[in-house]
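On the provided structure of chain A, position chains B and C as indicated by the hints.
What follows is each chain in one-letter form.
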Amino acid sequence: MTTARETVLGRIRDALALAPAEDTPVPRAYRTGRTFPDEERLALFTDRLVDYKAQVHPCTADRTAQVLAEVLRQQGATRIGVPQGLDPAWLTAYDGEVRQDSEDIPAPGLDVLDGVVTASAVSCAETGTIFLDGSPDQGRRALSLVPDLHVCVVDLSTVEVGVPEAVARLVPERPTTLISGPSATSDIELERVEGVHGPRTLAVVIRTDA
Amino acid sequence: MRIGLFATCLGDTLFPEAVKSTAVLLARLGHEVVFPPGQTCCGQMHVNTGYQREPVPLVRNFADQFGDASIDAVVMPSGSCAGSVRHQHELVAERYGDAALRAGVATVRAKTYELSELLVDVLDVTDVGAYFPHRVTYHPTCHSLRMLRVGDKPLRLLRAVDSIDLVELPEADSCCGFGGTFAVKNAETSTAMLQDKMRNVTSTGAAVCTAGDSSCLMHIGGGLSRIKAGARTLHLAQILSSTRTSPYVLTEAAR
Amino acid sequence: MSATFLGMPATPPRSPYGTGNLRGDRKFPAAAHDELRNEQLRSNLGRATHTIRAKRLHVTGELPDWEELRDAGSAIKTDTMNRLPELLEELERNVTARGGTVHWARDGVEANEIVARLVRETGSDEVIKVKSMATQEIGLNEHLESLGITAHETDLAELIVQLAHDKPSHILVPAIHRNRDEIREIFLKEIPGVDPSLDNVPAHLAGAARAYLREKFMTTKVAVSGANFGIAETGTLSVVESEGNGRMCLTLPDTLITVMGIEKVLPRYQDLEVFLQLLPRSSTGERMNPYTSMWTGVTPGDGPQTFHLVLLDNGRTAALADRIGREALNCIRCSACLNVCPVYERAGGHAYGSTYPGPIGAVLTPQLAGMHAAKDDPNSSLPYASSLCGACFDACPVKIDIPSLLVELRHQHTEQSGTTAEKLAMKAAGAVMSRPKVYTAAQKASRLGRALARDGKLPALPPPLNGWSDSRDTPAPPKQSFRAWLASAEGAAAMREASAEHTRDQQQEDGK
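Chains as they are written, first to last, in numbering that gives the first Met the number 0: chain A, 0 to 209; chain B, 0 to 254; chain C, 0 to 511.
Extracted from the complex, chain A is given alone in its bound form (with noise of 0.2 Å):
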């Protein structure tokens, strides 16, 4: 008996031996290869954060632990969860209770965090994107998905221009997910509106000397 697979593989060479093409080579004439002095990928990035309604909180590397207390005391948060391989000192100026993320915790389990706290892979300042990779520091998709609150860490070395200078940093076999903003949605009358199944707040803390 012919398998599907066959079937199906068979039909496509049947149907570009019918109607044969041509070979297309594919012009890459688009921007690539950017690179913008740090002020400018601050600022540009900044500007696409902030007009998706994100937070955004620039310090520099000594300061990260009390402006991630700052921004966890005015969110409320009392309950957070965190990456196991999170820098632990991100975390001293901060007096909630902190719980480390195991793959063991069922979801519910994720859902009595008030926010959670990662570092980031990657970022896009055209387009105000942060890459996660599931680098220990920065844990498993599903905690940084669940609470309602992301508090995420960006070193500006790693914010690159564009798309293409973004993608170019990342490693494919990797889980990754691209976040630009909070969840929203444009499914009532094609007018984004924020906050859906994600977490409603993102606060980014631009570390401007990392």
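Hints listed in this document are in silico derivations from the structure and should not be mistaken for laboratory results.
Bear in mind that the values here come from a model prediction, so they are computed numbers and not experimental data.
The beta carbon of each residue, even a glycine, is placed where N, CA and C say it ideally should be.
Straight-line alpha carbon distances no greater than 20 Å define the calculated DMTMM-like cross-link-like pairs of lysine to aspartate or glutamate that follow:
1) 184(B) x 376(C)
2) 184(B) x 421(C)
3) 184(B) x 469(C)
4) 436(C) x 63(B)
From chain B, some residues computed to sit far from chain C (all C-beta separations above 12 Å):
5) 119
6) 159
7) 248
Positioned in the frame of chain A, the structure of chains B and C alone reads:
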């Protein structure tokens, strides 16, 4: 320049004033206008309705009538017919024609222009010496806008007209709903589109809605006439051929 | 129009056509007749499409290399179709190597059976779903329901449609035909335990959906998704979304089943740099959509530990056999063509009768499911549901020449329709108009219409032209054709005078 004038079947039969204006305008600009008498129709309606075998004789006739090397350029007061010659004749010739037809089509295609293209691009003129002291709004027809890419050429010609009060048409680039046999096969959807176009035209307070296609103008004008709107339609060529010494008199029927 | 030899129009036999929600029960004009009378629908659609048009133009205008991105996107998709067998095999290899299982489905029926079997094997009797055109196309929800498996749509618009027992009318925003007041009514009626004081503020409506679906996300063991892209080179799948319902479905359950049309494969991971710019800007008019998930097989300790990929044909190979029509397979489902289409704006998505409405639907649906596959096939009316205005071509991020495809499909339709009254009329018109003498005689005969005219207008026209004359006046033929005028003494005098005017102007210039 020796310019071959293609009247288009619609222009020749139903809207001769637009074609007369085109001929007079070009002669006034010092060009020799020739009218190959064997010309008929470009076959656009056939192709757009799904027929490609039936218009082969039309495509051949067009290439024969205008192929003569003594004709420097072919002009027509219609964006959609120019679009047909430039984009569809090749398709018909490749599929159902012979080598001679393919060659003929390629020759004619390269020298075919819609009126505003000929004036601005080929004859390098924007001020044609016209005079038209009325409020006018311009509807860019879909095929001149998106098939021929005439851009703002018609508007540049209109802006240079003496005493004209040119006002912008809201949502100008929306289709009026004509689309050839579309207006018959999908008459109700077409009417819904027409209603919005007419609302935008009347909102400008213009006395005249102009365009480069008699077909779209027939559609918009037919609607405006039915609802007894104050505005009427007039082909771009008729405005451009109106002068101080022989002005277009607006009280006449608008075709 | 490409300069390459186009060949004869493609006609059956090709691969079998697709099954599922790819055919309405009425032709487009009849369906549109009812939709056009729905004032609420027209007002909702008008407002929504105008909002999104402005947003799209703003964010595409922001990129100086937008046209270069379109060129790249178009070429990548065309190249993909040319190399489809090897790319699918590569995708299969890489997904399998990373712990996923790949299934192949000849049509919708087979895909539904595969998914149902996989769900049953988990022991679950419910699934959560990410919005997916492919599963809508094959009618997966209905199939699962017939087997006692409940499918919960989690995208807000899909949820609205599902709760209202309605049909989607848009690729991106299936509930675009509903406004906030209607959505509020639906939620009050259909969501158990909803706050009765819920108002019509979109943020509050979104909040109600969040509360309703939260428990489903936390407890459902199986998710079904579609895919925006599948990368052959790495085996990476991707879902582009806004609300986070996609992330929930792709992350929290134990088992993930992804149904992907075979045309959604992309050769290289690098190609995402193009499509992640083209898609969001074209669809929601955003620089980037809020969330995009990319996963490669199974990752220990993160997300579903069982992953199935179902590769779906369902008529796609039939489309691929048409050298011109296959361009429609390049579609990335952004819906920009719907949002700019004047026909879609008035008639709405339901009039197309297919999962794929609007301009792209009018070329894709007949190719996936045929135009002559049913008696008096409603799909045969779809290529005519366009004024050929060309707005869709300009908006398409992968430059699909939809107007040319519509013309091609119209031609295929007339070629397959045998002898019709219309064809005979076209033949006759062609014969008359190719013989100038006969043509001139016919022109003269048309002057007879003047006798019928009043105030320079013709009376109501007979069928099939009555639809025209219902809302438009038709001018009576003029006394004289252009050619008659030109040949007359009056015409000759006018042309002489025009030339003389030029000579006078010239002399004046010279005299200065």
